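Model the placement of chain B with the ligands on the given structure of chain A, informed by the hints.
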Amino acid sequence: MATFLDAGAVGKRPVLRDVQPTSRAAARSKVALSMYTDLPDGEIAIEEFERFAMDRLRVLKGIDDLKVKGFRPDQMQEKVIELYEKHMSASSREERQRKDVVSHFVLRLAYCRTEDLRRWLIAQECDLFRARFREMLPSEQKAFMEANELPFRPLGRPDFEEVREQLAAVAASLGQALASSALRRGDVPHDNYYKVPFEQVPDLVGGRKVYLQAGYAYVSKDQMSSLVVQPFRAALSKALVVTARRWAAVVAPEEADRLTPVVESLSQRYLGPDYSDPEKRGVVGTVSAGDIPRLVRESFPLCMASMYQASWALHDSHHLKHEGRMQFGLFLKGIGLPLEEAIRFWRTEMAPVAPGEKFDKQYLYNVRHNYGKEGNRKDYTPYTCMKIIGSTPGVGQVHGCPYKTFSQESLRAALARLQVAPTKIEEACNKAKAGHFQLACAAAWEGKHGCACDTGINHPNQARACYYAESRRVLDQEQQAAGGQPGGQAGAAAAAAGTGGQPYTPGPQTATRQLQNALGSNGPQPDSAPAKMQRVG
Amino acid sequence: MSGEQAGAGPMATDFNNMGVQDMMKLYYSRLFPHQEMYKWLAYGNDGKHPKSDGTFFQRREFCFTLDGDIFVRYQSFKDGGEMAAALKDRCPSKIDIGPVYNVDPQRRAAYQGSGQGFSPLERELVFDIDLTDYDDVRTCGKEGHICGKCWPLMAAAIKILDAGLRQDFGFQHVFFVYSGRRGVHCWVCDERARKLTDEQRSAIANYFAVYKGQERGVAKLALSLDDHPAIARAYELLREAFEQRILPEQRLLEDEQQAQAVLAYLPNDAIREEVQRRWQHRSGSEERWEALVEAVEEEADALEVQGRKRQGGGDAPRAAGKAMRKALKDIVCAYTYPRLDMEVSKKMNHLLKAPFCVHPKTGKVCVPIDPDHAWEFDPDAVCTVGGLLNQLNSSSGGAVQGEEPWRATDMSQAVDTFRACFLDELQAEVKAGLAEKARQAAAEPTLAW
Ligand code: SF4
Ligand SMILES: [Zn+2]
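Protein sequences appear in the order of chains A and B.
According to this note's numbering, the first sequence is numbered sequentially starting from 198.
According to this note's numbering, the second sequence is numbered sequentially starting from 804.
So here's chain A without its partners, still in its complex pose:
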């Protein structure tokens, strides 16, 4: 597929197209939802280019926020549609469609350049797509599938009868008692189900939400959105890789002074600067091995602090297995511990079990590996909360998110050890119990820093909504207020902050940041908090 703007489709130059619109394309253009296989027609002014993209970003960011707040995909439907209506509306149906397609293609350009950006875009776009598909009437869904030649055919009666019992069992296992008994009674029409290769519905397979037989998954009509989102995801993921290559090879050099700055700033709008690379953040070298014990006390999230503090965990190579060492090691890298210091740190920590040469043999490789200096030289990025929460430690292992894995008593004890205020310990425990791990973590953060955590926590140490960087930011402010006393606990922030459940009144700094987060203004704001996060360590 010729990528949008391949040879400069913006401005006064015409869009280059290698295919004429076909009748399929005409059919597609009648459906509101798009697989984005067709390039936008006509010309796009650069102002439009940016404005459309910004509006779409607001939607995607909103979706991301919902997830950070703990909404599951099936609980977000209404909110996602609301967001879309709010930001993507236009004067006519055609305009609306054009805005949808143009903004999507622009964001492809802006978010194709790194693995992290691509992953973020794919995740949000898929959620948006799923919600929009679900919102359509059955007849519209059908038209959409036909127009896009999605090869899904309903089950024939004999096939259906053969597996009806099992389909009923699956429905029951999903807690759908009514659907299950309807199936058992024979009250469900056979064409309510589709039979597809299991590869097409990984999410349904992984959640054991479908019946599987001989490589086929039996998908019900209600699960159709999973089916449709799959080709969408695959196509988008492929297109992004292609776009990245073309961007680097063709577009970027040609458009260096016109498009490139716009596109690059777009990708930083919401994610902030490229936090995946500590070097670019300028934090490398700001932390040394000797600082770690203090930082553990002051600013480590519970997942990392408990891995450090349960010293048996670090000291017994068996228990802090590969996963744990990755989780913790990459975190340290992310806060700016350079490789040499990391080696120093691990050598000291492992000395009881792996002195001298033994360390060099067994662990040095791993430490260097985390820094991309061994093996496939991949520069590993620190784990997100999602990833940490998703990993479940086996017996005696200590990685993972403590809000999920600890018993209530151990959680309470661990938070007390971290000197979290008692009311907040209760709040954190309750949130954890209810399954809101990141909210629990934010509560603990608040109980430790004595001020509100208005960003939420979705990463132990990178980007926005990050436990560590937020902590350093607040502590550094305190330090300045207290005249540079290291670790000064008194301070403006604590006084300014509400306690317990009281609403928090944002100070001028956070107000700016909130504004920026809400994207009220687009210009660079060098004094705003996120920019500052880069410098603290």
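Hints in this document: simulated from the structure, not taken from any laboratory.
Model, not experiment: these values are computed from the prediction.
Even for Gly, the Cβ is constructed at its ideal location relative to N, Cα and C.
Hints may contain errors.
[What the hints assert, rightly or not] In silico SDA-like links for lysine to any residue, alpha-carbon gap of 20 Å or less:
| no. | chain 1 | residue 1 | chain 2 | residue 2 |
| --- | --- | --- | --- | --- |
| 1 | B | 1023 | A | 606 |
| 2 | B | 1015 | A | 371 |
| 3 | B | 998 | A | 412 |
| 4 | B | 1015 | A | 632 |
| 5 | A | 570 | A | 540 |
| 6 | B | 1023 | A | 604 |
| 7 | B | 1149 | A | 606 |
| 8 | B | 962 | B | 973 |
| 9 | B | 1015 | B | 1150 |
| 10 | B | 1149 | A | 587 |
| 11 | A | 418 | A | 316 |
| 12 | A | 435 | B | 1150 |
| 13 | A | 435 | B | 1152 |
| 14 | A | 276 | A | 286 |
| 15 | A | 339 | A | 428 |
| 16 | B | 1150 | A | 558 |
| 17 | A | 584 | B | 1025 |
| 18 | A | 406 | B | 1073 |
| 19 | A | 264 | A | 232 |
| 20 | B | 1125 | A | 372 |
| 21 | A | 435 | A | 346 |
| 22 | A | 258 | A | 434 |
| 23 | A | 558 | A | 544 |
| 24 | A | 392 | A | 377 |
| 25 | B | 1125 | B | 1047 |
| 26 | A | 339 | A | 229 |
| 27 | B | 1150 | A | 434 |
| 28 | A | 558 | B | 873 |
| 29 | B | 1125 | A | 604 |
| 30 | A | 258 | A | 282 |
| 31 | A | 555 | B | 871 |
[Said to hold, decoys possible] Now the stretches of chain A that chain B is said to cover, found in silico as 3 or more residues with beta-carbon under 8 Å:
| no. | stretch |
| --- | --- |
| 32 | 241 to 255 |
| 33 | 364 to 377 |
| 34 | 408 to 419 |
| 35 | 595 to 604 |
Chain B with the ligands only, in chain A's frame:
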């Protein structure tokens, strides 16, 4: 070649006393089934068939662990001959198998950053199960330990995986290998499996992941009140395994701590007390289990009767009855459901130890396991490199001309299992596939694409 030299003629050494590493040279020159390994990993692309892909094998990554724990990644070989020569020459203490890349991994540097890039294209779907992950439910030993009493846990895992992979996912070319120490590896080699994306691999791993780690002192299980058909099938098998092998052999209900751990799965204190009351005069694991099952089922029956009597009063008691019965399922699954090392399965480019490797500490050979005889497999009786060399030594007079030397040793059974359970069928399919390709190509008048 020096390896050949050393391997020839009768030897006076008793290999049981020699270090494993010292024996590896002989192992690779006399015992390792080079041919079979190549036949497997070439998937018919051995250059003999016109439709085969001559670059395929060369693009596969091997990783050697050399003496002193040095990893040498991105090794690749033109063909079986080159691979055999490298093994004999370098004697890796471990061979790991990686993915097939888009280009020869040795030449990856030339492609990195180019438009084409360097990326994995395909790789068998693999699983890794290790007894160390069962330490909380093993009474016979911990960590590196393995014995006939804890083996049934591995056998159960093999059964569950084998059934699921074949019946649910439709895979046919599946084999299991003893990992050399305390676990089992599974390789799924169907073309469809090799082409899976990372996301699809994760999905399959999750499909099998009923055991989700430990949480608050008990196993966290992804079980619902009503069973998915795959879970129902697994439970039937596991309940039998639990009652007939694991419970008696692990003596699970005999020590106080273990018994308490089992009771923790029951839904409330009342039933726990009731079970303990019934246990007072019973001490054997089996009779205690019977008592527990009886108590739970009586209670569940009572709740259900209560539910039926109550006119239109909602079905809370019935649900409670169901939950009561589910506790039995929870116990069985917590103690026996396969505990997979998920990370191994999720990524296409995860390395996994090759079959027929020798474990550097135990000297045991990573032999294939016939899933139909998984229960009878004895990890203590697995052939060791020393034992094989001794057999070779005493038989070397009678070796048949032209036959591989390992035919005279127990390696021959291991290779036979590999062929019978896996390789022969794979090869037949690969051949048929290539013939079909050739036929289609002949029938196609033009290149329509
Ligand atoms: S929520 Fe994130 S930062 Fe907090 S403990 Fe869990 S994984 Fe760590
Ligand atoms: Zn044992």
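Hint by hint, here is what the structure shows:
A threshold of 20 Å between alpha carbons decides the hint, and for residue 1023 (chain B) with residue 606 (chain A) the separation of about 17 Å falls inside it, so the pair holds. Of the supplied pair hints, the one linking residue 1015 (chain B) and residue 371 (chain A) holds, its CA atoms being roughly 18 Å apart against a limit of 20 Å. Restraint check: the Cα-Cα separation between residue 998 (chain B) and residue 412 (chain A) comes to about 14 Å, which is no more than 20 Å; the hinted pair holds. Taking the CA atoms of residue 1015 (chain B) and residue 632 (chain A), the gap is about 15 Å. The hint holds against a cut of 20 Å.
Our distance criterion of 20 Å between C-alpha atoms is met by residue 570 (chain A) and residue 540 (chain A), whose separation comes to about 12 Å. Using a Cα cut-off of 20 Å, the hinted pair residue 1023 (chain B) and residue 604 (chain A) holds, with the two alpha carbons roughly 12 Å apart. Distance check on the hinted pair: residue 1149 (chain B) and residue 606 (chain A) sit about 33 Å apart at the alpha-carbon level, beyond 20 Å; violated. Restraint check: the Cα-Cα separation between residue 962 (chain B) and residue 973 (chain B) comes to about 15 Å, which is no more than 20 Å; the hinted pair holds.
For the hint linking residue 1015 (chain B) to residue 1150 (chain B), the alpha-carbon distance of about 19 Å falls within 20 Å, and the restraint holds. Only pairs whose Cα atoms come within 20 Å are accepted, and residue 1149 (chain B) paired with residue 587 (chain A) is accepted, the gap being roughly 13 Å. Taking the CA atoms of residue 418 (chain A) and residue 316 (chain A), the gap is near 28 Å; set against the 20 Å cutoff, the hint is violated. Proposed proximity of residue 435 (chain A) and residue 1150 (chain B) is supported: the alpha carbons are some 18 Å apart, at most 20 Å.
Between residue 435 (chain A) and residue 1152 (chain B) the alpha-carbon distance is near 19 Å, which keeps this suggested pair within the 20 Å criterion. Restraint check: the Cα-Cα separation between residue 276 (chain A) and residue 286 (chain A) comes to about 15 Å, which is no more than 20 Å; the hinted pair holds. In summary, the hint linking residue 339 (chain A) to residue 428 (chain A) is supported, as the alpha carbons are separated by about 16 Å, within the 20 Å threshold. The hinted pair formed by residue 1150 (chain B) and residue 558 (chain A) fails the criterion: a straight-line CA distance of about 26 Å is larger than 20 Å.
A hinted pair counts as satisfied when its Cα atoms are at most 20 Å apart, and residue 584 (chain A) with residue 1025 (chain B) qualifies at roughly 19 Å. For the hint linking residue 406 (chain A) to residue 1073 (chain B), the alpha-carbon distance of about 34 Å lies beyond 20 Å, and the restraint is violated. A distance of roughly 23 Å separates the Cα atoms of residue 264 (chain A) and residue 232 (chain A); the hinted pair therefore is violated under the 20 Å criterion. As the CA atoms of residue 1125 (chain B) and residue 372 (chain A) are separated by approximately 13 Å, the hinted pair is consistent with the 20 Å bound.
Under the criterion of a C-alpha separation no larger than 20 Å, the hint pairing residue 435 (chain A) with residue 346 (chain A) is consistent with the structure, at around 18 Å. About 19 Å separates the Cα atoms of residue 258 (chain A) and residue 434 (chain A), which keeps this hinted pair within 20 Å; it holds. At roughly 12 Å between alpha-carbon atoms, residue 558 (chain A) and residue 544 (chain A) fall within 20 Å of each other, so this suggested pair holds. A distance of roughly 18 Å separates the Cα atoms of residue 392 (chain A) and residue 377 (chain A); the hinted pair therefore holds under the 20 Å criterion.
With a CA separation close to 25 Å, the supplied pair residue 1125 (chain B) and residue 1047 (chain B) exceeds the 20 Å bound. Restraint check: the Cα-Cα separation between residue 339 (chain A) and residue 229 (chain A) comes to about 12 Å, which is no more than 20 Å; the hinted pair holds. Note on residue 1150 (chain B) and residue 434 (chain A): the hinted pairing holds, with a Cα-Cα distance of about 17 Å set against a maximum of 20 Å. Restraint check for residue 558 (chain A) and residue 873 (chain B): satisfied, since their Cα atoms lie roughly 8 Å apart, inside the 20 Å limit.
Proximity of residue 1125 (chain B) to residue 604 (chain A) is assessed by CA-CA distance (about 26 Å); at most 20 Å being required, the pair is judged violated. Straight-line distance between C-alpha atoms of residue 258 (chain A) and residue 282 (chain A) comes to about 14 Å, which keeps the hinted pair within the 20 Å bound. Restraint check for residue 555 (chain A) and residue 871 (chain B): satisfied, since their Cα atoms lie roughly 10 Å apart, inside the 20 Å limit. Restraint check on the stretch 241 to 255 of chain A versus chain B: 0 residues with Cβ-Cβ distances below 8 Å, three needed, restraint violated.
With a cut-off of 8 Å between beta carbons, the stretch 364 to 377 of chain A has 7 residues touching chain B; three or more are needed, and the interface restraint holds. For the stretch 408 to 419 of chain A, the proposed coverage by chain B is satisfied: 6 residues have a C-beta within less than 8 Å of a C-beta in that chain, meeting the threshold of three. With 5 residues carrying a beta carbon less than 8 Å from a beta carbon of chain B, the stretch 595 to 604 of chain A meets the three-residue requirement, and the given coverage holds.
The structure shown violates the earlier hints numbered 7, 11, 16, 18, 19, 25, 29, 32.
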